[in-house]
Amino acid sequence: MAVVGHRFARAPQRVLAACGILVLLVLACPLPGASLRADEPPRRVLMLHAFNYTFPATTEVAEAARKRLLERSPRRVEIDADFLDLARITEPGHELRMAAFLRDKYARTPPDLVMTLGSAALPFVIQHRNTFAPKVPVVFTGISPQTYAALRPPSDVTGIITEFNLDKTLALAEQLQPDARRLYVIAGSGATDRRWHSVARTVIANRTRTFETTYLFELPYAQLVTELSRVPRDAIVILLTVFADGEGRTFIPAEVATALSAISPAPVYAPYDTYIGNGTVGGFVETFGSVGVAAADLALRVMAGEDPTTLPPRTNADQAYRVDLRALQRWGLRESDLPPGAVVLFKQPGIWDQHRSLVLAALAVFAVQTAFAAALLIQQRRRKRAELLLKESEERMTFAAASVNIALWQFDRKTNELWATEHCRAMFGLTSNVPLTRDTFLSAIHPEDRAIAMSSLQEASTAGRAAVSDVRVVWPDGQVRWVRIRTRWHSDERGAPHQLSGIFAEVTDQKAAETEAALQRQEVAHLMRVSVLGQLSGAIAHEVNQPLTAILSNAQAALHLLAQESPDLAEIRDALRDIVEEDNRAEQVIRRLRSLLKKGESRIESVDLNDLVSSTVALLHGELVARRINIEVRLAADLPATSGDSVQLQQVLLNLLMNAMDATASAGGATKPVTVSTWIAGGPAIELRVRDRGPGLALGQQELAFEPFYTTKEHGLGLGLSICSTIVNAHGGRLTLANDQGGGAVAIMSLPIREYQVAAQ
Amino acid sequence: MTDRTFTVFLVDDDPGVLKAVSRLLRARGYQVRSFASPHEFLAQHDAAIPGCAVLDLSMPELDGLALQAALTGAQRPVIFITGKGDIPTSVRAMKAGALDFLTKPVSDQDLLDAIARAQEQDTNTRRLHAELATIAARIASLTPREREVLTHVVAGRLNKQIAGDLGTVEKTIKVHRGRMMEKMGVRTVADLVRMAEKAGLH
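Chains as they are written, first to last, in the numbering used here: chain A, 22 to 782; chain B, 16 to 217.
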C-alpha cells in the first residue's frame, strides 16, 4: 500500500494547489454569481460510462473529473452516472432501451452537460442524444484521433482526445530490449480492440527496426494464454486491449493485463496507464486521472457559458514514459536504458541511492588494499612457479593432445629435423623402433596424398595463418585413416620461414560422417527430383504425346499415299523424315527425364548454364501451357561455363521455376511472365535470375525460406529451397531470394566461372 | 471471291503435330489451312469459307475452349484434339457445341469420321442459311400491306376475315394476297406456312 501511496504522492499536492488558487480567485473576484449559492438550481452533469462499474480506466477518469468539478465549479454541481455496459451487452435493442431509460430517468432533472467515459459511449450519445438530452453539450473522454475522425461528431460535442501512443511505447520497448527481434502484439475482438489492429500494423510497419511480428489478434482467451506462454524470453510483447476475445467473451482489459503479464515469459508493454502496476513494464501513457481533470476543466468552461462549438477537442498534454520498476527487475531490464524523462513508479530507494558516495568510497579503499596485497604475493611466488610451470606445461600439453587424438610436431627446414610427440606413432601406425623423421611420415601417407602433405610442409607461407590439409595414412595392416595436418610457420630473425610447427589430428570418423552426410544429401536431393517430376508427370506425358501424335499422323499419311496408284514419293519421304525427327524429339524428353531420375554420385563437369535453362524450360513447356503461364528467357551471349553437376544444377533451376510458377499462379496474374535470365555478373561469377510477378515475400520469409521444412504452400514439404541452397553452396555459389522492385520475388543463383576455378586449383 | 471448297482449319501450337496432321488430311484429299497460333487463325478467319476447325485444346496464348468461344458467332463446326482428355474439359467443350473431342495421338479414322460429320453439319447449316437468306430477301421485297396480309394468312385467317381485320374489302385483300404469294414464290398456303416457320414468323 505504501508503494501505491508513493505513486499518487503528487495528487494531494495538486489538490492543495488547486484549493489555493480557488481561494485566491474567490477573494479576488467577489462577484455574487461566482460564489456557491444554495438558492440557485445546481448544474447537472450526466456521466455516461461506456462499460460497467468494473472498468478501472473509466472509473479513474470519472473520479478525477468528479473531484475537479466539485472543487472548481462556481455553482453547485450534481453528478449523475449511468453505466451503458456496451461491451458486454451487444444485442441491437440494448442501445434503444438505454436511451429510453435515460430519457425517463432524467425527464424531471435534465442534465446541463453530458460527459462520456470510454470510447463506445460517444457514438451512443451522438446517436441517441435527441432522445434523452436534446441539444445538451457533450464532453467526451477516451476517444482516439482515429475514432474522432471516423465519428465526425457535431460541433457542440467537444472533449479530450486520447492518443494512446503505441509508437513511443514500442520505442520504449526497443530501448529496453535492444537485441529483441521478435514482437508479439495482443488485441481482442471488441470494437476498440479491432481499431487497434490496423493502427498496430501501421505503427509497426513504420518503425525503422524490423521485427518478426506475430499478431495475436482475436484469439479465444485460452488459446491466447497458450500462445503467450510459448513466447521466447527475449521477445517483446505489446498488449493493446482485450475487451472481448475471439469467442465473444467479454473482459476487462486491465484484468487481462494482470493475468497475461503474470504468465508472459517476455516483458509486456502497453500504452495504457491502468495496466501499470498490474505487471506490465509500462509504456508511453497519459494518466487517466489527468484526462479526467482536463475533461472537467472543459466541462466547466462550457457550463460557464462558453459556446462549445468554439472549444475544439484537444489532447491531454500530460503524457510521459511510465514504467513499473518491479516489472523492470522481474525481466532483468536496466533502468539505465530508460529514455530520459521516464517516470519510474513503485521505486523503493535502496542503500545505493541513499548512501551512494559512502559506498563508493568504501569499495575504493577495499579495492586498493586488495590489489596491493595481491601484488606482493604474486611477486613472491611468480619466480618459483614459472620454473615448475614450464615443465608441467609441456607434459600437460602432450597429455591433453594425446587424449583428444592429436599429435604435435615441429619441423626445422634448415636442418631437416623433425620433432613429434609419441602419439604420432599410434596415428601413423609406426612401430617404436622406427625413428620419427620427415621421410618416415611421408612414407606412411597414401601415395596419392603425399604431394599434398609435402606442399603443406613447404607452402605454409602466409604469415601467421594456419594451413590445413587432410591426407590419408595407410597403416601397415592396410587400414586407411584420415589425418588432418595443420601447419604454422615461425620466422627467424630475417623473416624467412624455416621453423614449422603444427598438429596432426585423426579425422577418420569425421570424414566418414561427412561422406555419409553427402550420401544422404544426394539421396534426399534425388527424392526431391523424383517428387518434382511426379508433380510434372502430366505435363511431361503431354510432351511425349506430341511427337507420338505427329509420328502416328505422318505414318498414316504415308501409308495412305503408298496405297495410291502413283504414290507421291517425295511426300512420303518427307513424312518419313519427319517421323525420324519427331522420334528424336520424344527421345530428348525421355533423356532429360532419365537424367533427372537417375540416382548417382555427383559428377563434376563443365556446365553451360544457358543450355541448362533451355533444356529445363523445354521440360516445363507442357506445364507452362497447362497453367497458362508465359515465360521470358533472356540468355547472355558468350556466357562462360561453370563447373559442377548438371543434374543437380538443373534440379535447382527446376525448383526455382516451379516456385516462380506457383507464385505467379497464386497472384492470378498469368499474363505477367516469369523471367529467366543469365548474365556475367562481373568478378569470377555468372548469375541466373528467376523473377516472378507474384505476391513476393512477406517480412521474415526471406530468412526462413531456406530453412528445412519451412513452406508457404499448402502441400509443400518445405525442402525445395533448402536443398537448392545446399546444392548451390556445394558448387561454391550462392542462392539468394529477394523481393523485386517491380513487385514479385527474384531468386538469384550465382556460380563461379569454371576457368577461374580451374586456375585457382 | 472466297474459296468455296470445304476447308479444314487446323490450329495447333506444336509445329510437328501441325505439319503431320495437315499432311494426313491433304493425303486424304482435304483442303487444309494450318495455323500455329490461335490469334493468327482468328485474325485471318473467314466465316464464309465452308469448312470445320480442328483445334488443339491447350495452347499458350489462347486455349482451345476460348478459341471455340471466339468462333461461336461463325457457326464453324469445331473438333478438339487434346493431349490430355480430362472429363470436365471435354464436357465443357461438348456443351459449348464441339462436334467431337479426340485424344492425341489421334487415329486417322477417328479424325476423318469426325471431319466427315463436320462437313455434313457445315453443309446443312450453310444450306439452311442460304434458304433463310432467300426467305428473308423475299419477305423484304413485300410492301407493308402485303406483309400484314402474310401474317394473317399464316395465322389461318380467311380473306373475308382479313378484310374485316384490316378495314378493307375482300377484293383488295385477294389482290394483295396474290402478289404476296407470287413474291414469296409459293403456290399453296401450306408452303407459305412452312416458309414462315423457317423464318421464325407466325
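Treat the hints as calculated values from the structure; they're not laboratory data. The beta-carbon is built from N, C-alpha and C at its ideal position, and this holds for glycine as well. Among the hints, a few may not be true.
Unchecked claim - Okay, derived cross-link-like pairs now, BS3-like style, lysine-lysine, Cα gap no bigger than 30 Å in a straight line: (1) 189(A) to 156(A); (2) 213(B) to 198(B); (3) 175(B) to 186(B); (4) 213(B) to 619(A); (5) 620(A) to 532(A); (6) 693(A) to 186(B).
Claimed, not checked - Per label pair, the in silico range of CB-to-CB distance: (7) 106(B) to 241(A): 30 to 36 Å; (8) 534(A) to 106(B): 56 to 62 Å; (9) 658(A) to 57(B): 52 to 58 Å; (10) 541(A) to 106(B): 45 to 51 Å; (11) 556(A) to 57(B): 30 to 36 Å.
Right, here's what the structure says about each hint:
{"no.": "1", "hint": "189(A) to 156(A)", "in the structure": "38 Å, violated"}
{"no.": "2", "hint": "213(B) to 198(B)", "in the structure": "17 Å, holds"}
{"no.": "3", "hint": "175(B) to 186(B)", "in the structure": "9 Å, holds"}
{"no.": "4", "hint": "213(B) to 619(A)", "in the structure": "67 Å, violated"}
{"no.": "5", "hint": "620(A) to 532(A)", "in the structure": "22 Å, holds"}
{"no.": "6", "hint": "693(A) to 186(B)", "in the structure": "74 Å, violated"}
{"no.": "7", "hint": "106(B) to 241(A): 30 to 36 Å", "in the structure": "44 Å, violated"}
{"no.": "8", "hint": "534(A) to 106(B): 56 to 62 Å", "in the structure": "57 Å, holds"}
{"no.": "9", "hint": "658(A) to 57(B): 52 to 58 Å", "in the structure": "36 Å, violated"}
{"no.": "10", "hint": "541(A) to 106(B): 45 to 51 Å", "in the structure": "47 Å, holds"}
{"no.": "11", "hint": "556(A) to 57(B): 30 to 36 Å", "in the structure": "33 Å, holds"}
Hint compliance for this structure: hints 1, 4, 6, 7 and 9 are broken, all remaining hints hold.
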